[in-house]
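K.L.:
Residue numbers (our numbering), protein chains in the order written: chain F, 2 to 470; chain H, 2 to 470; chain A, 2 to 470; chain L, 2 to 470.
Some clues are possibly wrong.
No more than 30 Å apart at the CA atoms, straight line, and that leaves these computed lysine-lysine pairs for DSSO-like [stated by the list, open to error]:
id	chain 1	residue 1	chain 2	residue 2
1	F	LYS58	H	LYS302
2	H	LYS337	H	LYS365
3	L	LYS302	A	LYS292
4	A	LYS124	F	LYS139
5	A	LYS58	A	LYS183
6	L	LYS58	A	LYS324
7	F	LYS183	F	LYS11
8	F	LYS58	H	LYS58
9	F	LYS326	F	LYS292
10	H	LYS11	F	LYS326
11	L	LYS124	L	LYS153
12	H	LYS326	F	LYS49
13	A	LYS324	L	LYS31
14	H	LYS432	H	LYS326
15	A	LYS124	A	LYS153
16	F	LYS58	H	LYS324
17	L	LYS58	L	LYS11
18	L	LYS183	A	LYS326
19	H	LYS398	H	LYS326
20	F	LYS292	H	LYS292
21	A	LYS292	A	LYS421
22	H	LYS439	F	LYS292
23	A	LYS49	F	LYS31
24	H	LYS326	F	LYS31
Only part of the chain L face toward chain A is listed, based on derived beta-carbon distances under 7 Å [said to hold, decoys possible]:
id	residue
25	SER244
26	TYR296
27	THR304
28	ILE328
Simulated from the structure, these hints should not be mistaken for laboratory data.
For each residue, glycine too, the CB sits at the ideal point set by N, CA and C.
Number of protein chains: 4
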Amino acid sequence: MGGIFGVVRKHDCVQDLFYGTDYLSHLGTKRGGLAVSGPSRFSWTIHKLESSYFRSKLEPNLPTLQGNIGIGAISDTDAQPLSFTSHLGRFCIASVAGVTNSEELTRKATAANCFFSGASDGKVRPTELIAMLLSAEKTFEDGIRSIHEKMKGSCTFLVMTPDGLYACRDKLGRTPLILGRKADGFAVSSESSAFQNLGYTYMRDLGPGEAVFISPDGCETRIAPGEVMQMCTFLWVYYGYPSSNYEGLNVEAVRYRCGACLAEGDNVTADIVGGIPDSGIGHAVGYAACKGLPYQRPIVKYTPTWPRSFTPQNQEARALVAKMKLIPNRALIEGKDIIFLDDSIVRGTQLRDNARILFDYGAKSVHMRIACPPLIYPCEFLNFSSSRAALELIGLKAILALEGVEGKNIERYADASDAKQAAMVEWICGKLGLTSLKFQKLDDLITAVGLPKEKLCTHCWDGSGWGHY
Amino acid sequence: MGGIFGVVRKHDCVQDLFYGTDYLSHLGTKRGGLAVSGPSRFSWTIHKLESSYFRSKLEPNLPTLQGNIGIGAISDTDAQPLSFTSHLGRFCIASVAGVTNSEELTRKATAANCFFSGASDGKVRPTELIAMLLSAEKTFEDGIRSIHEKMKGSCTFLVMTPDGLYACRDKLGRTPLILGRKADGFAVSSESSAFQNLGYTYMRDLGPGEAVFISPDGCETRIAPGEVMQMCTFLWVYYGYPSSNYEGLNVEAVRYRCGACLAEGDNVTADIVGGIPDSGIGHAVGYAACKGLPYQRPIVKYTPTWPRSFTPQNQEARALVAKMKLIPNRALIEGKDIIFLDDSIVRGTQLRDNARILFDYGAKSVHMRIACPPLIYPCEFLNFSSSRAALELIGLKAILALEGVEGKNIERYADASDAKQAAMVEWICGKLGLTSLKFQKLDDLITAVGLPKEKLCTHCWDGSGWGHY
Amino acid sequence: MGGIFGVVRKHDCVQDLFYGTDYLSHLGTKRGGLAVSGPSRFSWTIHKLESSYFRSKLEPNLPTLQGNIGIGAISDTDAQPLSFTSHLGRFCIASVAGVTNSEELTRKATAANCFFSGASDGKVRPTELIAMLLSAEKTFEDGIRSIHEKMKGSCTFLVMTPDGLYACRDKLGRTPLILGRKADGFAVSSESSAFQNLGYTYMRDLGPGEAVFISPDGCETRIAPGEVMQMCTFLWVYYGYPSSNYEGLNVEAVRYRCGACLAEGDNVTADIVGGIPDSGIGHAVGYAACKGLPYQRPIVKYTPTWPRSFTPQNQEARALVAKMKLIPNRALIEGKDIIFLDDSIVRGTQLRDNARILFDYGAKSVHMRIACPPLIYPCEFLNFSSSRAALELIGLKAILALEGVEGKNIERYADASDAKQAAMVEWICGKLGLTSLKFQKLDDLITAVGLPKEKLCTHCWDGSGWGHY
Amino acid sequence: MGGIFGVVRKHDCVQDLFYGTDYLSHLGTKRGGLAVSGPSRFSWTIHKLESSYFRSKLEPNLPTLQGNIGIGAISDTDAQPLSFTSHLGRFCIASVAGVTNSEELTRKATAANCFFSGASDGKVRPTELIAMLLSAEKTFEDGIRSIHEKMKGSCTFLVMTPDGLYACRDKLGRTPLILGRKADGFAVSSESSAFQNLGYTYMRDLGPGEAVFISPDGCETRIAPGEVMQMCTFLWVYYGYPSSNYEGLNVEAVRYRCGACLAEGDNVTADIVGGIPDSGIGHAVGYAACKGLPYQRPIVKYTPTWPRSFTPQNQEARALVAKMKLIPNRALIEGKDIIFLDDSIVRGTQLRDNARILFDYGAKSVHMRIACPPLIYPCEFLNFSSSRAALELIGLKAILALEGVEGKNIERYADASDAKQAAMVEWICGKLGLTSLKFQKLDDLITAVGLPKEKLCTHCWDGSGWGHY
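Modelling step: build the complete structure from the supplied sequences, incorporating the hints.
P.N.:
Written out as structure tokens, the structure reads:
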């Protein structure tokens, strides 16, 4: 995923930029950086986040940054923000992007004698592609339109110039970009929760494809928003911070409703309801309240030293962290029937381990409730982590096991009313060693979010969302 | 506070020692260290935890440590563990201690030509005093008895020798020390929650004053436990990790009962129940369940970059962190009557700020419920942080304001049935700008914990606990 | 200045690359970096050298580098080596370059929709310009020819591809590039002294404008050397390492002859001969031997902590370092007539301070002898440090003082037989507080070097060297 | 070896302390530290010097130090300075010491219930022993006398108190301690060369056993110097910095005379004279001048990144550094007869490697001249590095080879006029592959130094120096 933050003030912006970007740390785990436009030059600093976190790594560099315009990025992939010079002048770019046709774009550009920097394997990074497409047009506005037209996947980005910054939301609004203001300036962010403690008040969400130019003197829409929207539903289900709103809909409230939807008509009985930290907690709280069962914390994350952002990149280390950071509480588990909520099941390995641990600690039964339907269509639009690669999705493994052929009858497995889905859920339930397993129905999920289905990308679950190119 | 962890194995103990000590990170914020006894020498590493946390700081040094016996410390005060040589041979010490007569002990020792290391201001650190008192006796056992006799305050400590380690709980058991075992060894810890993910199973809590010698071959009680116990009640209320048990009583379960006790007979009505993260959450969950109101998260801590252990030492930085790390969720606050739980009120400044923020975000009412009685007797036994200095306790400020004299009628203010306490609570409620405020009654707290009152130190609330010297 | 080093081996090249580049540390003070071509990707690491030096900074990153082809750079300016992707494929560039028409080149390229990375002030770095000019042509060879044709100033560079590396010496050979070989591979370096301890034997100097492609299988000249050469004479006088040879002429031997030339016909008498460390020592040794006077060390550099590469970038820090790193030896100074050698006089401030210190330590007389003529034409070809800016040259200040007009009669001041130069030398001698001052004559310098004048750039002294574009 | 530096000023002393201690970096390679006495507390910082050097490591900590009294240490062994508290109050100690009876001292102290800190292997560090012996007496003066009496080996040390500092030279003056002053204070140092650039002027050397108390108001001798002196001759031969004076005798001048003594009567002929950097250069310069041969630099140390202080502790790394940091210059070696000077031969391995390299580079002959006699009695007084362990001295190996028994006829091998020594020198010459080898005669060395023999410790060469306990 990843997150971006921008500030334009009449005074120095570095403090706001630093804390605002830090508030996006849950969106990425690989690189974090800041760039600032000062009197006559840009300055920037970028760090790896793999062994320490954004605030620790960047804080020592703050004195080297100075200026009233700034952009920041938390990235799951490439080093950002990057600085460029072209006939458009000097500019810096930060992006949240998943580009599926980068090879094609690269090939065309290099054929026209363009060259790209910094690609260790020759695969050009999204931020460079954005710079290339911008530089190929007469104005930034034309360049942004060209990006919407030519780049496949999704691309929300910020372009900092010496005079202000362009905030550009993805053509179909797959990822959010939100405007805020305070007395002497403006901010733009992937998460509205980043505004609050910095004194920015929410203005509005940018529309799909909208581009706004923000200068110290004001905000101006340079490219009007489009009609069609395909916002990623997963932001509410998993990625977003509880205090954030997207399209006016609060993340924690959506999760509460997700839990409530699951509780309604769920005839399982239990002693307590818990959530897998942190992803299942919002859902569990809603489930418990709706069901009239006590919400409790049978598993607690050891937050003092395992903050969420420390998800290491290799699988072995990830498994160790997954085990070490959760501490079960036997006093709340032993002899109990427990309903557990989580946001989704990707590969299912950690959930299987958690289930086994719960039984080891004496749970009588473990009923898992998942806030969204089974994932069976790999995302083609955003840059999710590699663990969501097609072959690793437990839903696809179930289909392969049940059908003997990859992806056979996939539409029926996507249909909650079809017996095939029921068989798949039963297969997964068995694999994970659960007492019972239920997934949210897609209609219920959409109801819980509160936007019309046509504005949401639900591709992971029903394979839709392609028609919009 | 602080925490200590020890391991004795037949094989290398460094991994267990590292993760075990890391799991005590919530107990201290200043120094962290490990010491290991290898074939012919001790090795150790100690780091400041103020700008980064234990795991990041210590991990690069692990390759320098090797051995089958080890001790670790997370400290709110001095660098630990320290290594010593005396007629008893080589040994290392880690401690959780608050020594109130250190000047007297230092004076007597230096008069006998002893000298101490490392005290920048001439004030000798507890670990050095322990070494001095041990070295003044013929055997470690005599030394430990001498410490129980001569040292005022509290002192739980580990002594690593080349052959094993002495685990010594404070004379009155004010702080815990818990034994665990696995196939090839033993561990001892301030928190039982540190055992679970490392494969240690709980054996038993050491008794007050008990000293156990642990070698690779077994555990042996060298000094039998005493009869009298004055365990710090605050460990359940605030310090302890939810998954830990002390004296067989689970921390989260105690907090749940604290919340439930508060809910019972509380006739306030509200839309939701929330807890101040992280200290109030366990209590809030119990309150909500007992009251039949939905538990929700109107304030969320930004854990990705503000883990609990990063409490800076200076007041200004602490206020900034307090503000930045909590993100209110307007969607759950606006127009709502909210019951909020917290563990205790020390100075009340952060609670006042939180209350103001909740009203700023549109709360209709903020009803604060506190899991313990008002703090009016400063702790004289443990090493709490300086913010608990006598003059800063809001309870004492209330008494001064109401009586015009410091501490006048303090016994009546300690009595929940006395009108004086009611007046104090009203005064505090007004100062903090709350809609309503209730504190737990001491009897209810003791019931929630589940130990007989005479085994608990309740000094903070009723001034008892002195008679035991 | 700056230095570059490249290796192509049949086996892993990282150790050789690391030490080889480290041996160029005297050539630059700002950035150092390495890039390696591994099985399927490039990897690289670049560090600031301002607070620590190359070896310390880079050593921890070595495990992240792997491959049999590598290039390294020590730079006085920009971060290097950089990686690029274009229609030519993936490549990395390291350069020693001073480009005087970069604005023009940038303007033309951006007009053709090219864009550049990483320029904080919009000024494009030489390495990016090289990448741009290469990418604009069909082959690397065409690109290299284009660079020779279009880039003004000087440019010696290495281009690493997945298959080998192009070693390209500046069109007029202003800076050196030298080939070496060992059993399983080749190296190319700015200094031949970098080869010796790594087991490479000298093959030959590249000719001016020559481009050699080096693969694990052999070296092949792709662009033949040109006829015209204008090698920078200063490399022998100051920059080069004593053990290096350029064009077969040893640096230390040239300095010895410089000193000897100065001694011949110098009728001053003295007790001892010394050199300003480190720049004057080679010259002093030759002077002393020729004159039959004892060479001694009246000033010693404190090398344990002030290695040469730690020349800070700001003037105040530079003055402090200049003072702190040299320790005078009163025992060798007091009451002595001393002849001191140095390589050149730029601004003269440090020499003036050194002279005053020598008299403070009791020197009876200080006779300064300079290994080259007065610098009066600022270098327009290489990237010298800013202290060689036109207005700061003491020679130009002398002319302004003597003529009342900037640069008036400059040709006569360049002529050692003209009374004007004698007046200038006398003026400088007075300003610096010296007993006597003599500069080398240009003819003698050329003789000491041992190349025909037309192959040497002597622009700093006589303003020649322009006609070759 | 190691070095210590102290400052007492009326104003803040940190800058002087930092640079003064840094100027002792050539004396040690393991630990460096500073301690300062501020208004109400001591502050200190200590670092490992193995991977970086003093100035880089300590500079970031300077802002944490404040005060007008300070001491610093460069240590080849233990972390220093250390802080202590005893009946004498607070004090800090830095020392240059080699204690040969530390086990006995430790045993006696622990029998009296003393304990020591920080000894990983139970071996108590000199600085702790000093603290123990001081604390056992009524006054600092009595304690210093006790140290002189009870401690075997050598011990020069500084004791910082809140009011000033005690500067205490070893009982027999084996290592130096030198006083300097400036307008507002005093400094005391192992090397006089540390004073000059900081503006201190030389006052005097402390006498053997002398203790001076230095306060901001003045210096006062508290213990008068003794009559007997046994100063280590090696300080002039190898350890001392060229610009330093000990007992008024300049190090570089002594080395010049050493070289001259060797030249006199040496009938070898050669083209050039060179020195092994840095240890042989001072000697070579004197030899060349006396002999009337040109001094040249056939081997140059790569000082930019291999400063002297980076001598790693393990043998393999040391051998790599020894090879990498010296760069031979073929132009000055090939076809030449060369006389090479060095200070001494310890194990001879590096000299053997250097000789082989010189022949590889084409030397016709390599005549090695050593500034002192053969080392055959291991030092028992100072803390030399482990490479000087008895069994590794090439002199002792020669005796074993020639006699078949360890140490047989050692007195005759110590005698330059005995045929046994001639045989030993011939044996060593063969082992090292030299054309010829000559050692200085002890009488000539003593003459070169310029002190009466009875004031110098010449134990390494003649086994004397024991009678003084």
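K.L.:
Of the numbered hints stated earlier in the document, which are not met by this structure?
P.N.:
Nothing - there is no hint that the structure violates, so all of them hold.
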